[in-house]
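Got chain A; can you put chain B on it based on the hints?
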Amino acid sequence: MTRPDGQLTGAHEEYAEALTAYALGVLEQGDEHRALESHLETCAACREELAALRGTTAAIGLGLERAPLPEGLRERVLRRATEQPQGRFERPKTAARGAGRPDARGGSRWASLAWLAAAAAITVAIGSVLYARSLQQELDAARQIAAQAATRAETLRAEVIDLRLRASELGRVLNVIGAPDVRLASMTGDGAAAGALAHAYWSRSRGLVFQAVGMPRLDPTRAYQLWLVPSGGAPVSVGLLQVSADGSSSHSTPLADVPAATAVAVTIEPAGGSQTPTMPIVMVGNLS
Amino acid sequence: MEADRLLVQAVAGGSSDALGRLYDRHAATVYALARRIVQAVEDAEEVVQDVFSQVWRDARRYEQQRASVAGWLVMLTRARAIDRLRSRRARPDVGTGPDSTMLPLASGAPSPEDLTLASADVAAVRHALASLPEPQRELVELAYYQGFTHTELAAHTGTPLGTVKTRLRSAMAVLRGALAP
Chain A
1 MTRPDGQLTG AHEEYAEALT AYALGVLEQG DEHRALESHL ETCAACREEL
51 AALRGTTAAI GLGLERAPLP EGLRERVLRR ATEQPQGRFE RPKTAARGAG
101 RPDARGGSRW ASLAWLAAAA AITVAIGSVL YARSLQQELD AARQIAAQAA
151 TRAETLRAEV IDLRLRASEL GRVLNVIGAP DVRLASMTGD GAAAGALAHA
201 YWSRSRGLVF QAVGMPRLDP TRAYQLWLVP SGGAPVSVGL LQVSADGSSS
251 HSTPLADVPA ATAVAVTIEP AGGSQTPTMP IVMVGNLS
Chain B
1 MEADRLLVQA VAGGSSDALG RLYDRHAATV YALARRIVQA VEDAEEVVQD
51 VFSQVWRDAR RYEQQRASVA GWLVMLTRAR AIDRLRSRRA RPDVGTGPDS
101 TMLPLASGAP SPEDLTLASA DVAAVRHALA SLPEPQRELV ELAYYQGFTH
151 TELAAHTGTP LGTVKTRLRS AMAVLRGALA P
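Sequence lines, in order, name chains A and B. Under the working numbering, the residues of the first sequence are numbered 1 to 288, in order. Under the working numbering, the residues of the second sequence are numbered 1 to 181, in order.
Extracted from the complex, chain A is given alone in its bound form (with noise of 0.2 Å):
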């Protein structure tokens, strides 16, 4: 309680000026707030002060010298008060047992019980609060967390897909190099290809690898095309190479049913390839 010179004894010193506010309702958010609800949910003494405090807050309104009431008002307010549902929430058991129950012997015994009982549903109630409010903030926090893990996946999915594409490259070329028949052919450009670099693994039975590096850019509307070149008949298209903004270009295809091959060719086609090469070959080297 507190004495005549205004300290507090029972109730915890520290808290003292914000359960002051508290009580007046004008603490502000924020930590102090917190740190003062949280202690009033384990402290019986400063709960104790609280409800005298609200005691005291409600005496000083009920003070004030009344005022005549304005013609009227009593129907307006109850006729706007009894329009709208009323609630049917019960308050919570627990804060309930332990109310003072009127005692024969009355006083302040039964009266600092009922403090204790009042401050403790208020504290139920703000604890309520408290939990609606940290669960909401929690529930916020796992939609945030999930809408990352979300990006997060999307962007492993890709990297995956990336990843197991390069890795079929991989072994593609893995494949077509350690084949018992596989033949290579290095090439350097001439012409319009002139500084790149070439090399083309081919495999009857496998397929064919063809890696380049300095490959310049084209125009748009040209393209290199890819040769095997048989030792008899018509070259065959192995297909048009894309170049990267490094110029450098790999290209590996399963390619079947291909005559016998001594040589392969790069010539620079149309954008759309050529079903026959035209000139210029711009890359040729003999398998061996």
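By construction, these hints were calculated from the structure, which means they are not laboratory data. A hint or two may mislead.
Stated by the list, open to error - Stretch by stretch, here's where chain A covers chain B in the computed footprint (C-beta under 8 Å, at least three residues):
1) 6-19
2) 48-61
3) 74-88
4) 131-139
What the hints assert, rightly or not - Pair ranges (Cβ atoms, derived):
5) A153(A) to E141(B): 15 to 25 Å
6) T166(B) to E154(A): 49 to 59 Å
7) R89(B) to R157(A): 44 to 54 Å
8) T166(B) to R152(A): 46 to 56 Å
9) P160(B) to R80(A): 44 to 54 Å
10) E28(A) to P135(B): 45 to 55 Å
11) R66(A) to E46(B): 31 to 41 Å
12) T151(B) to E14(A): 58 to 68 Å
13) Q39(B) to R152(A): 55 to 65 Å
14) Q29(A) to G162(B): 48 to 58 Å
15) H127(B) to P68(A): 19 to 29 Å
No residue lacks a Cβ here, since even glycine has one placed at the ideal position from N, Cα and C.
Okay, now just chain B, sitting in the frame of chain A:
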């Protein structure tokens, strides 16, 4: 006082007649407090309407409390009236006022005031308030009737924050000490 609690129980049961009788017993107090806070008659009438509307809605939540109906009404009145003040203050100067959730009494949480708030207590507190040193009385009244927080009190009175906290706390302790033990 027992009558008040019975009336609230009846209101919880849906009796508009009981609400009318609560109005007859307490509307003058509610109105006087609302006038003191919001000043304008129209606003004060709105506050009275808000308060009794809330009593109608929340009577069931209140009915098991061993607390003074008058004290509950004071809490509701301050909460509703200060809400109005704050939204009025917030309009020309957005963002300076704390939001209304800051008032724990605004939530309709049950009030802890006990029936021991006898008229003797009310008179004693009124006397104690009038006897406070001016700086302390001013702080109590600004917090009570304007809903000013510690920070707002410091800014409004040009007093250091720490001093404001100490003064408000000791002023309220004096008033609280005036209540019968």
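Flag every earlier hint the structure violates by its number, smallest first. 4, 5, 10, 11, 12, 14
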